[in-house]
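Protein chains in written order, with the working numbering: chain A, 1121 to 1512; chain B, 1121 to 1512.
One thing to keep in mind: the hints can contain errors.
Pairs involving identical chains hold if they fit within one copy or between any two copies, as the list cannot separate such chains.
Derived lysine to aspartate or glutamate pairs resembling EDC-like cross-links, with alpha carbons at most 20 Å apart [as the list claims (entries may be wrong)]:
#: 1; residue 1: Lys1459; residue 2: Asp1156
#: 2; residue 1: Lys1167; residue 2: Asp1502
#: 3; residue 1: Lys1461; residue 2: Glu1436
#: 4; residue 1: Lys1255; residue 2: Asp1502
#: 5; residue 1: Lys1461; residue 2: Asp1220
#: 6; residue 1: Lys1342; residue 2: Glu1204
No wet-lab data here; the hints were simulated from the structure.
Protein chains: 2
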Amino acid sequence: MQSFNPPRRILMGPGPSDVSPRVLAALARPTIGHLDPAFQDLMEEIKAGLSRLMNAPGYACVPLPAPGTAGMEAAIMNLLQPGERAVIAVNGAFGGRMADMAGRAGAEVVTVDHEWGQPVDAQRVEAVLAERPAKLLAFVHAETSTGALSDAHPLCAAAARHGALSIVDCVTSLGGVPVNAVGWGADVIYSGTQKCLSAPPGLSPIALSSRAQAAIAARTEKPRNWLFDFQLLMSYWGGEGGRTYHHTAPINALYGLHEALVVLFEEGLQAAFVRHARTHGALAAGVEALGLSFLVDAPHRLPQLNAVRVPDGVDEAAVRTHVLNAWGLEIGAGLGPLKGKVWRIGLMGASASDWHVRLCLTALADALNAQGNGADGRRALDAAEASLSRET
Amino acid sequence: MQSFNPPRRILMGPGPSDVSPRVLAALARPTIGHLDPAFQDLMEEIKAGLSRLMNAPGYACVPLPAPGTAGMEAAIMNLLQPGERAVIAVNGAFGGRMADMAGRAGAEVVTVDHEWGQPVDAQRVEAVLAERPAKLLAFVHAETSTGALSDAHPLCAAAARHGALSIVDCVTSLGGVPVNAVGWGADVIYSGTQKCLSAPPGLSPIALSSRAQAAIAARTEKPRNWLFDFQLLMSYWGGEGGRTYHHTAPINALYGLHEALVVLFEEGLQAAFVRHARTHGALAAGVEALGLSFLVDAPHRLPQLNAVRVPDGVDEAAVRTHVLNAWGLEIGAGLGPLKGKVWRIGLMGASASDWHVRLCLTALADALNAQGNGADGRRALDAAEASLSRET
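The following block holds chain A by itself, in its conformation from the complex:
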């Protein structure tokens, strides 16, 4: 067993994305204690940064000490008690996961199923909410499995109109497109660090409205999820009247998240959204010049997650292997019903740059050519450059 030195990789899959040298350097700063006054100041800064990032003033914002799915589990398991009704919009793998979790919670689960690649339809969801009172509505803002962006505001508003709490999965959206807890009237928002925040995987920021907190306080049964028990978590992260030991916070991972927030605020949130949109435009122009098409219609496409259809006669896995081996480039495969049918190309955080677009188009063209597809890499690059210069 010897020290591990990772190979050179360019991360353009569905996450993790490339982590900047600044964030990597932050990870390596000396570990201090989780009850250290200096660490408690850091916790407060992270809470404030998350609140700003999600536009969630007045919400309880904390980074859960586990990967993005922790946010989903915390939201579902803290809000639902056995027998309560949960409406879950499913338009991809992660909506399906929410439904699985709600079932484990002992809830009566009603799914509103959509074709994968479509955004969530607020009218259909509202019709289901109107049938009978539900405890909550849960949906995915940015479906990582398809690259579809759903309009969160009308969905949260529909939930509120029918007395349901709203849970919004923002794992892939946060930092890449606007996330707006207050503007949407969302009750719970959660995300991950390894997408558009470009920190390593391992933390899940979550925000809870006062309405969600009140619902949790009114539980009659403790959740079985001890680490993600929100009331215990808040006695640790809450900061009022001293902290009560709960778990040991993942210190160095939190250094990384903090630095990722500093980097993002230095650039400016709005500038980051523009950068994601601009690089997506260039990638899309290049991909289309290669003769490829998108799974999701243009109005609903996430800039940061591009599901590109595999053309007939092309071996999907062989293309991924080629770009990995020849170019050190990671792109993602399809999940579930999309397995073998799409590639998922991420332009997330530090991976949303002109350089990444050029590399990806070049590598893709090379891999397609290796299969005799006759893709024209020069034409794809020209199309991307034209798009970039239009948007500069």
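Dock chain B against chain A, hints included.
Chain B only, in chain A's frame:
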């Protein structure tokens, strides 16, 4: 919001312990994808390393993607279904936490309560197991709240004699004193990374026997704990027939754990145990020369966690504040009934060195003197040096 630069700290509390520069450097290596072939090789090495560390050949060994308590939650929630009987030995804060979790699982919980600071009494536990069949026995090998070491072998054997599975909390023991899954006949062992492994907090290694795995496979109800659902975890970490996506592994934290294992195996497990015992002997000699005493009787003392009684007339918190501010030294406070009554001094992993012993005794004597206690720091250092030279 600006980049965070931690103050200089020497970590001699109940964890985290000092993280070595080699492990810090590993954390900062470039992030690669969690489905990358190179990362999958790393996963296999970590699994093999954990199996060796816990002497758990034939067990399923994985690092859970969350702090040490994750191991406890995974063990309790995967093994228990509502209505099943759980016998929990409680001799400190973490036994109490196990009982809380088992109650949340809907189990019939029987605690065998001990005075804090005492080891678990195998005869008393066996008497309770003999009363009526139980699904499991859970206990803490090394109580972090008191520094008491319990003898795991007779406890696991008693469980096996009465048809119960055994769960052993080795959060603070792993890497500091022998942990021996096969030798004990333990069914589940879990630990954390921030104690004697000297990696940052954030991961929880766990090992499950085939008997434990069979019990999980026989469940009639899915656990509510999705992230720690062992069957889902093993489809991701299992490695047979390809991996099924579950969560996104915390890549950089796993780089750190891997390097910590490399460092530990380079030193040799046996040598690490000797080092912990030797530095403990020196600290104990010095502490006693300062006129202080231990909570736990010598035969049951953990070398890596020293609960030292606060003498009459000394302000417990003021001593901790003094050593932190003047010496950058973190030592721990007492928990629960021991709050204000003990300090918890860790000699864990990279913090178990002669240098740490010298610094700690010097800082403690200084802090006691600042309160007019008249502690003789020179005498304490001499006692420690004498102990170190006897043991070299």
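Hint by hint, here is what the structure shows:
1. In the homo-oligomer, the alpha carbons of Lys1459 and Asp1156 lie at most 20 Å apart only across protomers (17 Å), although the nearest pairing inside one protomer, at 47 Å, exceeds that limit.
2. Proximity of Lys1167 to Asp1502 under the C-alpha cut-off of 20 Å is found in neither arrangement, the shortest distances being 43 Å within a copy and 47 Å between copies.
3. Only within a single protomer do Lys1461 and Glu1436 lie at most 20 Å apart by alpha-carbon distance; the minimum there is 7 Å, versus 64 Å between protomers.
4. When the C-alpha separation of Lys1255 and Asp1502 is checked against a cutoff of 20 Å, the pair qualifies neither within a copy, at 52 Å, nor between copies, at 67 Å.
5. Neither within a single protomer nor between protomers do Lys1461 and Asp1220 lie at most 20 Å apart by alpha-carbon distance, with minima of 24 Å and 47 Å respectively.
6. Taking the closest pair of Cα atoms, Lys1342 and Glu1204 come within 20 Å of each other both inside a single copy (15 Å) and across two copies (18 Å).
The structure fails hints 2, 4 and 5 (numbered hints given earlier, in ascending order).
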